[in-house]
Amino acid sequence: MLDAYQESLLIFFGINLIAAFSFYLPFKTGQVSLGQAGFMGVGAYAAGIITTKLGLYFPLGLATSAVVSAIVGLMVGFPALRIKGIYLLLLTLGFGQIVQVVALTWDYTGAHNGFQGIPKQDNLLLYIYGVLVVIVLFFFRLERSSLGRAMVAIHGDEDAAEVMGIDIVRIKLFAFSIGAAFAGMAGCMFAHMTTYVDSLTFGILLAVNILMFVVVGGGTTFLGPIVGTIGLYFLPEMLRTLREWMELIPIEWTENSEFLTSAYDWLYDFFDFENEKRWIAYAIIIILMMIWRPQGLMSRDLVKRWGRRLTGSRA
Amino acid sequence: MLEQQLINGLMLGASYAMVAIGYTLIFGVLRLLHFAHGEVFMLGAFFGLQIVIYMTGVEVVAAAIMAIESFLDVKGILLFFAIFGAMIGTGIIGALVVFVAVRPVDNKFPLAPLISTIGVTILIQNVTIMVFGGTLRSFPASIEPVRYQIGDLTIDSVQIFILVTAFALMGSMWYLIEKTRIGRAIRATSESHETAALLGVNVNFIVLFVFILASCLAGVAGVLDGVKNSNVSPFMGLEVAVKALVCMLLGGLGNIVGALVAGFLLGTVEILSSAYLGSGLRDFLTFSILITILLFKPTGLFGTRVVRD
Chain Y
17 MLDAYQESLL IFFGINLIAA FSFYLPFKTG QVSLGQAGFM GVGAYAAGII
67 TTKLGLYFPL GLATSAVVSA IVGLMVGFPA LRIKGIYLLL LTLGFGQIVQ
117 VVALTWDYTG AHNGFQGIPK QDNLLLYIYG VLVVIVLFFF RLERSSLGRA
167 MVAIHGDEDA AEVMGIDIVR IKLFAFSIGA AFAGMAGCMF AHMTTYVDSL
217 TFGILLAVNI LMFVVVGGGT TFLGPIVGTI GLYFLPEMLR TLREWMELIP
267 IEWTENSEFL TSAYDWLYDF FDFENEKRWI AYAIIIILMM IWRPQGLMSR
317 DLVKRWGRRL TGSRA
Chain R
-3 MLEQQLINGL MLGASYAMVA IGYTLIFGVL RLLHFAHGEV FMLGAFFGLQ
47 IVIYMTGVEV VAAAIMAIES FLDVKGILLF FAIFGAMIGT GIIGALVVFV
97 AVRPVDNKFP LAPLISTIGV TILIQNVTIM VFGGTLRSFP ASIEPVRYQI
147 GDLTIDSVQI FILVTAFALM GSMWYLIEKT RIGRAIRATS ESHETAALLG
197 VNVNFIVLFV FILASCLAGV AGVLDGVKNS NVSPFMGLEV AVKALVCMLL
247 GGLGNIVGAL VAGFLLGTVE ILSSAYLGSG LRDFLTFSIL ITILLFKPTG
297 LFGTRVVRD
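First to last, the protein sequences are chains Y and R.
Residue 17 is where the first sequence starts when you use this note's numbering, and the numbers rise one by one after that.
Residue -3 is where the second sequence starts when you use this note's numbering, and the numbers rise one by one after that.
Bound conformation, chain Y alone:
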């Protein structure tokens, strides 16, 4: 049904999407976190200890990664209540770096040799998309609940929300630690896919990528992270297939004309999107996206408008 490449593509897409959701939940309350990669690392190491060091089952490892990450999330989220904006960005960035240092120096999990020999999990695709279905349902319900509206209110104006009687401390902490739990599960899945993690796996670049998935996709509706992750994860992969598409052009079309042959060769060379060029294209797409739609591809207004058009009702 699926070959190994397609399956791994879907698995990593799912992991990235869970990670994007983990950023999206605290972001709903206005908390911008560069620490999601750090929480992924916490989850990966926690689950790795359960399955590799203690030899227990994968579902237990998954549950442990969620619980441990949620607790660490509370520990980071509580002091983070006091600060916002760039200060919170820097705090979570510092947290991510500290996770890396711990991973690099903790002998029990291999220190600088990395955490090796994590068992590869069968049916990981099912686990990932099972978790994703639960997460999507959670957000679908959340955005239609008073809790979801309270989160949007906190994002808009914290003081006004507090005056309205919203318990901002509890809601912000809830969002931050559940978000951390999502990230922890993503990290656990990642570790049981690659069978090896080290301190560099969950670095600042991963955290930045997660942030980009959500901001490019749009941070006001749960469709945003989905669209953003599809766009930013599959787009670079799709660029790699441009050459395969070119190879479908029959050779008779170009062989009679010298110009067409050279044009074909030039284009074929140009479409060498294996390494740097792929990233250059990716970067250009991101910059253009931010110029074109700084609020992200999907926004709540857009979704509402589409919903009205679908149901045929008028506003």
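Do not rely on the hints blindly, as some may be mistaken.
In silico DSS-like cross-links for lysine-lysine, where the CA-CA straight-line distance does not exceed 25 angstroms [said to hold, decoys possible]:
id : chain 1 : residue 1 : chain 2 : residue 2
1  : R       : LYS293    : Y       : LYS100
2  : R       : LYS293    : Y       : LYS320
3  : R       : LYS104    : Y       : LYS100
4  : Y       : LYS136    : Y       : LYS69
Source of the hints: derived by calculation from the structure; they are not laboratory data.
Starting from the structure of chain Y, add chain R where the hints point.
Then chain R, alone, in the frame of chain Y:
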């Protein structure tokens, strides 16, 4: 031994401080975390390297440089060319960043300019890898280091050169910001774009100018770092960028002198902690400092100039 480590700390701190000053200037006028600043630093090192390679490679130029050096009886003229060229190069890059990723992006959405500068980061890094290759490249030694012995302390001419250049540049930067007309305009823009514009400051120009200034400084820091470590790589930007962020915060957002002092402070702390506590604990200490400052004194050690909004 301790004095020797202090000198190493100062050397590391010079890089941090020069990058952090750029960060803090840009944050001051735009409230923007300029993510690509570390890559500008890296580009500076590559520009400097290319200039040195070119000038020692072309015979006529190399001979002319030799003649000038023997005429003036100094060494290391080449490095001045490298620094000057890198400054111009990174200045242009800084201006390009403004035109490509800052001006066209609506900053009503605070994360959008951040993401577009992250895009620039990826762009610069991969273009550099494509053009120069993704490996470590050695920086040719262009000054023969002369060692000086002061008591137990050894310091060589390269180190002196780096420290003098860094201090001279940061000093002139301080003068520019605090004592000149355009510096006053920059400070006014940092307080409020609207008020500055009402008072006749061309805010768009000031933003452009600040980006160019900050990028020049980062470029020079890159060249000096390349000379100091005698190698450059396309991946050298990230670590300095993160550490300089810590320095910016430590010194107080928007505070130039604060960023300078914090840069040297952090450089010294890092060298001392890796010398006496082991290098694993170095980053742990650095980011613990970051978090402690954030939680207990978010205005930094020397006070912030940015009004919290």
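Evaluated hints:
Proximity of LYS293 of chain R to LYS100 of chain Y is assessed by CA-CA distance (about 14 angstroms); at most 25 angstroms being required, the pair is judged to hold. At roughly 43 angstroms between alpha-carbon atoms, LYS293 of chain R and LYS320 of chain Y are farther apart than 25 angstroms, so this suggested pair is violated. At most 25 angstroms may separate the alpha-carbon atoms for a hinted pair to count; LYS104 of chain R and LYS100 of chain Y meet this at roughly 17 angstroms. Pair hint LYS136 of chain Y plus LYS69 of chain Y holds up; C-alpha atoms about 14 angstroms apart against a cutoff of 25 angstroms.
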